[in-house]
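In order, the protein sequences belong to chains A and B.
Just so you know, we're using this note's numbering here: the first sequence kicks off at 1 and counts up by one.
Just so you know, we're using this note's numbering here: the second sequence kicks off at 1001 and counts up by one.
Hints are computed from structural coordinates only; laboratory data are not their basis.
Mixed in with the good hints, there may be bad ones.
[Unchecked claim] Cβ-Cβ distance ranges computed for the label pairs, FRET-style:
1. L60(A) / R1397(B): 52 to 62 Å
2. A1590(B) / D24(A): 46 to 56 Å
3. P1528(B) / S2(A): 24 to 34 Å
4. E28(A) / P1528(B): 47 to 57 Å
5. S2(A) / L1035(B): 38 to 48 Å
6. H1592(B) / G122(A): 51 to 61 Å
7. I1104(B) / G122(A): 48 to 58 Å
8. S2(A) / P1078(B): 52 to 62 Å
[What the hints assert, rightly or not] Which residues of chain A face chain B? A few of them, derived with a C-beta cut under 7 Å, are:
9. L60
10. P62
11. C64
12. Q65
13. G68
14. E75
15. L79
16. G98
17. Q101
18. C102
19. G103
20. T106
21. R138
[Said to hold, decoys possible] Residues from chain B that keep clear of chain A, each with C-beta distances beyond 10 Å, as calculated:
22. E1038
23. G1039
24. A1041
25. P1078
26. D1098
27. I1104
28. S1159
29. I1198
30. D1461
31. S1531
32. E1587
33. D1634
34. R1691
We put the beta carbon where it would ideally sit given N, CA and C, even for glycine.
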Amino acid sequence: MSFRFLVNGAPAEVEVPGMRRLLDVLREDLGLTGTKEGCGEGECGACSVILDGQVVDACLVPICQVDGHIVRTVEGLSLAARERGALDALQEAFLERGAAQCGICTPGMLMAARAYLDAGGGAEEGPIREAIAGNLCRCTGYTKIVDAIAATASGEA
Amino acid sequence: MPTRTLTPVIDRGTAGALVVTPGEVAAGRATASPLRREGPAKLTGLAKYTDDLVFPGAWYGLTIRSTEAHARLVAIEPDPDVDWLSVVIATAADIPGDNVVSLIKDDQPMLVPVGGEIQHHAEPVALLAAPDRETLRRLKGHIRLVTEPLPPVFDPEASDHEFSRIQILHGDLDAGFEAADVILEGEYRVGHQEQLYIENQAMIAVPGDDGGIVIHGSMQCPYYIHNAMKRALKLSSVEARVIQEETGGGFGGKEEYPSIVALHAALLALKAKRPIRMIYDRHEDLAATTKRHPAIIRHRTGVKRDGTLVAQDIEVVMDGGAYCTLTPVVLSRGAIHAAGPYRCPNVRIRARATRTNTPPNGAFRGFGAPQTQFAAETHLNRLAERLRLSPAELRHRNAYRLGDTTPTGQVLRESVAAEEVLRMATDFSGFEAGRAATARRAAERIGSGTIPAGALWTGTDRTASGIGLALAWHGAGFTGSGEVRLASVASVELAADGRIRILTAQTEMGQGTKTIFPQMVAAELGVPIDSVDYAAQDTAEVPDSGPTVASRTAMVVGGLCIQAARRLKAEVEVRHAGQPFHEVFREDAASHGATRIDQRFEPYPGAEFDEETYTGDAYPAFGWAAAVASVDVDLDTGEVTVNDVVAVDDVGKVIHRVMCEGQVEGGTLQAVGYATIEEIKLEDGRYLNDRLATYLIPTSLDAPRIHTVLVEAPYSGVPHGAKGVGELPMDVAAPAVVAAIHDAVGAWITELPATPEKILAALHGAPTRGRAVGPGPDDAGAAAA
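Using the sequences and the hints, build the whole thing.
If you want it as structure tokens, here you go:
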């Protein structure tokens, strides 16, 4: 079957079985390997992407549910910024504050944080911790991730 | 460099952490915190981890594993109704070299041979490769293992197969106990813990035309894999080539385990004559890979009424699992740290590790020390309770000071900061005031319940708060003569094109190697950090500078890099009549060509250790850590919330403050998980909770606020003074959390993790509701001498 959707602002069309995971479509059919697989069962959030403004685990979304919808991945975060050779404010805050260590949870963490910020989330610690509670990080202890998101929310990154 | 009295807080970092420097600062200090070198690639999704790499024509590999804990393998029978010609099967019979995963002992086969013994559940028996994952999944169940069951052993104390045994003797134990006013006994247990790097084990093997194999993978130690390949696959040093790709966390779990994954991928690649992708999913990774060693630790401690320790008798039993892996080394570090960072004239430590029919246990951050120091610190906290002394005061009276002697007879000649980290932790957290407050609240709660001796409360207080303290030490670098045996080489090169290049086998797995090595070398040479490259971790390119383990990277190999840079600088400056390196290095490269300095490890002065008698300098120096945890315990459910941890760590030298704090924060949270929720359940030698839905690690909501205080008591044996940071925080937070739980509810949890079930059970059995004073329920062994 054929499915059409928008990825990071560009139209995509794939010919795959309808139950193929969005994660595999992104990584293997479209070559967007920034989205990672950590558990394949919706526990770790490494494959978080934004689907129509909502954070979803791409390992739990069949491609048939994406037909006609809008997907954002880590590769699309800084499209505008990257043309200037830079990162967006959230990525910059992560870099400066040491919020990325091994980096494998980072793309998913950034997408969860981006969805939180886009929904008007503020700099308070509690709501930020809620917003990224579906994204496991084993390196940082979350302190610097929370700091980076808070700094971005208050525009001081 | 003597340890100096701490000056008060002198610096407040941007992220709120404190750096406290005892007196003067080591020479060559690099104060800046450059940005993570591979950070932009990781933040934009461009960084390539192993599973992101594309190799045209690659097939997928899969491991067929045992479903029994102990059995003889009689036959491997592929289903005759399946067309096997379109796929590749490999068994032990295909292995060109020795069927071993080369490490300390050669007891672990790469694949169980027909006629051999299956030693644990999920043990690799055969390999399968196919063009796509669907075929693999379909065919996996069509290979039957014919076995004859053998009796399994699951209790490490009942096992008659010892991997290793250690005895450390110091002073006269009997005389020590005779002199004691109070003797306290206790038994402590810790279970498995999974490293849970978020990137699963992943290897891709690419066969070359020359019969060689190139491995691309997720790993800590390229040369471990290189050695294993040479041995099992009969490859030369050139034919076997190992390249580390971006690695999504290790924590010890990618120290030795990746060797077997790489061997499997390589064997299939040799047979299939095409690249093989061997990428574990989470379930397989949890079910089959190494965990932290479970341990049973027994303490018998003699103490004077004023709290002075006079005798410590400690027994450690570690469960090695089915194969040796690194168990003797883990046991060694565990045993050396088992008495805690305290002066005691009479000590006996008896430690052994045995074989059970469970998946092998291996390296995990802390490497034996978190297990034994959980026991030591919990025992000391119980001792403080019994003596009616503050846990901080008892530690102040006994913590190592300069000139003290450890159980191995090591005289602590420098860099001793136990007192400093302890004082910083108690001061910064307000420990004594916190204890007084929880005691007041507990006193108010007593009598408020309606069910005698029950955990259910009718008062308005639904939670109890508590605060707890722990102190630990952690030997810097490899144990004993480990570094001398390794004889690591690190190189710094001024290339002909004017670039400066660092060549080591030290891997980046998030901890910051790729940033701090260029930072240190640039500072030494006086050049901008952007002038310094870090060569890829490729065995065809970099020398063997030892494994990226034991918190040795910054200290040992970082020290070699600085020494190499010094020699390079001197050599170039001599050629240019003493003009400074940074002014002439480009011109020197153009006129003179490349200059490469290979720096070999030289034994640290005065450090000697006898592995036969376990006496001498077990480590060149120690790092010191203290943690104060504050918790809430739900009195109805027994659930623990860890609210805050103050983590104070003496790392010798802070090279990169942000990354150093990151290590402390991450290590502290792993220890909080170890203390509260991380648990492996076994049934017949099989891990029951082998999925991420059932093996839990802390989320952002479970994580406490972590307040990091970094202390610098430098070690003079390395040019920069660094003692390492990665493992240190893992030693202290778990006993601090357990002490805080006791402070809240009056019950000692002596077996990790402190689950709600255990806490409720302890509450029901507790003789008093508030702060337990005097002997507790598990205090039966306590007796006045």
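Results for each hint:
Checking the proposed 52 to 62 Å range against L60(A) and R1397(B) shows it holds: the Cβ atoms sit about 56 Å from each other. Taking 46 to 56 Å as the suggested C-beta distance range, the pair A1590(B) and D24(A) conforms, at roughly 51 Å. For the pair P1528(B) and S2(A), the supplied restraint of 24 to 34 Å is violated, since their beta-carbon distance comes to about 52 Å. For the hinted restraint 47 to 57 Å between E28(A) and P1528(B), the CB-CB distance of approximately 41 Å leaves it violated.
Between S2(A) and L1035(B) the beta carbon distance is about 43 Å. The supplied range of 38 to 48 Å therefore holds. For H1592(B) paired with G122(A), a C-beta distance near 59 Å keeps the hint of 51 to 61 Å intact. Judged by the Cβ atoms, the range 48 to 58 Å given for I1104(B) and G122(A) holds: they are separated by roughly 53 Å. Against the hinted window of 52 to 62 Å, the Cβ-Cβ separation of S2(A) and P1078(B) comes to about 38 Å, which falls outside the hint.
At its closest, the beta carbon of L60(A) sits 12 Å from a beta carbon of chain B; the interface hint therefore is violated under the 7 Å criterion. Checking P62(A) against chain B: minimum C-beta separation of about 16 Å lies over 7 Å; hint violated. The beta carbon of C64(A) is not positioned within 7 Å of any beta carbon in chain B (closest approach about 18 Å), and the interface hint is therefore violated. Hint on Q65(A) is violated. Least Cβ distance to chain B is approximately 21 Å, over the 7 Å limit.
This hint is violated: G68(A) has a C-beta 24 Å from the nearest C-beta of chain B, more than the 7 Å allowed. Because the beta carbon of E75(A) sits about 5 Å from the nearest beta carbon in chain B, less than 7 Å, this interface hint is met. With a least beta-carbon distance of about 10 Å to chain B, the hint placing L79(A) at the interface is violated under the 7 Å criterion. A cut of 7 Å between beta carbons decides the hint on G98(A): the least distance to chain B is about 4 Å, and the hint holds.
With 7 Å as the threshold, the beta carbon of Q101(A) comes within range of chain B, its nearest partner Cβ sitting at about 3 Å, so the hint holds. The criterion of a C-beta within 7 Å of any C-beta in chain B is met by C102(A), whose closest approach is roughly 3 Å, and the hint holds. Look at G103(A): its Cβ gets to within about 3 Å of chain B, closer than 7 Å, so that hint holds up. With a least beta-carbon distance of about 5 Å to chain B, the hint placing T106(A) at the interface is held under the 7 Å criterion.
At its closest, the beta carbon of R138(A) sits 5 Å from a beta carbon of chain B; the interface hint therefore holds under the 7 Å criterion. Taking the minimum C-beta to C-beta distance to chain A, about 7 Å, the non-interface status of E1038(B) is violated against the 10 Å cut. Not every Cβ of chain A is farther than 10 Å from the Cβ of G1039(B); the closest lies at roughly 5 Å, contradicting the non-interface assignment. At roughly 8 Å from the closest C-beta of chain A, the C-beta of A1041(B) falls inside 10 Å, breaking its exclusion from the interface.
Listed as a non-interface residue, P1078(B) keeps its Cβ farther than 10 Å from every Cβ of chain A; the least gap is roughly 27 Å. Even its closest Cβ contact with chain A, about 33 Å, leaves D1098(B) beyond 10 Å, as expected for a residue assigned away from the interface. For I1104(B), the shortest C-beta to C-beta distance to chain A comes to about 27 Å, beyond the 10 Å cut-off, and the non-interface label holds. S1159(B), annotated as away from the interface, keeps every beta carbon of chain A farther than 10 Å; the closest lies near 31 Å.
Some Cβ of chain A comes within 10 Å of the Cβ of I1198(B); the nearest lies about 5 Å off, and the non-interface call is violated. At roughly 23 Å, the least C-beta separation between D1461(B) and chain A is larger than 10 Å, which holds for a residue marked as non-interface. The non-interface label for S1531(B) is consistent with chain A: the shortest C-beta to C-beta separation is roughly 20 Å, beyond 10 Å. The beta carbon of E1587(B) is kept farther than 10 Å from every beta carbon of chain A, the shortest such distance being approximately 30 Å.
Against chain A, the non-interface label of D1634(B) holds: every CB pair exceeds 10 Å, the least being about 19 Å. At roughly 7 Å from the closest C-beta of chain A, the C-beta of R1691(B) falls inside 10 Å, breaking its exclusion from the interface.
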